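**Student:** Residue strings, one per chain:
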Amino acid sequence: NAGVTQTPKFQVLKTGQSMTLQCAQDMNHNSMYWYRQDPGMGLRLIYYSASEGTTDKGEVPNGYNVSRLNKREFSLRLESAAPSQTSVYFCASSPGNSNQPQHFGDGTRLSIL
Amino acid sequence: DQQVKQNSPSLSVQEGRISILNCDYTNSMFDYFLWYKKYPAEGPTFLISISSIKDKNEDGRFTVFLNKSAKHLSLHIVPSQPGDSAVYFCAASYYSGGYQKVTFGTGTKLQVIP
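Read top to bottom, the protein sequences are chains A and B. Residue numbers for the first sequence follow this note's numbering, so the first one is 1 and each next one is one higher. Residue numbers for the second sequence follow this note's numbering, so the first one is 1 and each next one is one higher.
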């Protein structure tokens, strides 16, 4: 019963490098989300995908791109990493047909030097 | 503009006593409210929710109260246990246009002292 799986769990990058964070869910959910968590800032939405084939910007999309590869997978890409993108990244999913709780992965801790 | 606020960054409570965590919101469109619990190095896990048509929802030791006129909700944990020590996030949402918009608070770190 995996739920939401994120890879990798940890990553260190140099400024300017690129990277893709992977997320997969096995709950047949329609909606998927990417958040970042910074101290004192709570969870802020980067991008979301309300359903397969659609993606939209959230609160803090600059410097990121996403791909909804299929219903299960939603990836987040940093094209040119910056130190300000050092954070913990969480992927989440939800059924997407009404107000319901989101299910979260265990996060990717990303450090950019 | 922070639409969901948790004004207490931390809270310490003795084991067996009541823990009360508070949350305020500003957007009148929110009609569904949630609490998540987060342990270090793990993702947030859903704890309890309440719809705007209710003013109270109870699940075991956890009760959420909603005061719509004051735009305030609270989470009561009775009795508090050491395993409840975690960061608690309040969230508020509404569903529109095929999308559930969720806004999180900044979290309250609860420490339950044995």
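The hints are simulated quantities; they were obtained by calculation from the structure and are not laboratory data. Treat the numbers as computed from the prediction; the structure is a model and nothing was measured. Glycine included, each C-beta is placed from N, C-alpha and C at the ideal position. Please note that the accuracy of each hint is not assured.
Cβ pair distances, simulated, as ranges [unchecked claim]:
| hint | chain 1 | residue 1 | chain 2 | residue 2 | range |
| --- | --- | --- | --- | --- | --- |
| 1 | A | D26 | B | S69 | 21 to 29 Å |
| 2 | A | K14 | B | G83 | 21 to 29 Å |
| 3 | A | S84 | B | A41 | 31 to 39 Å |
| 4 | A | P95 | B | D55 | 37 to 45 Å |
| 5 | A | G53 | B | K54 | 20 to 28 Å |
| 6 | B | E42 | A | S111 | 37 to 45 Å |
| 7 | A | A2 | B | S10 | 28 to 36 Å |
| 8 | A | A82 | B | I113 | 34 to 42 Å |
| 9 | B | D59 | A | N97 | 35 to 43 Å |
| 10 | A | K9 | B | S28 | 17 to 25 Å |
**Student:** Of all the hints numbered above, which does this structure not satisfy? Sort the numbers upward.
**Tutor:** 1, 2, 3, 4, 5, 6, 9 and 10
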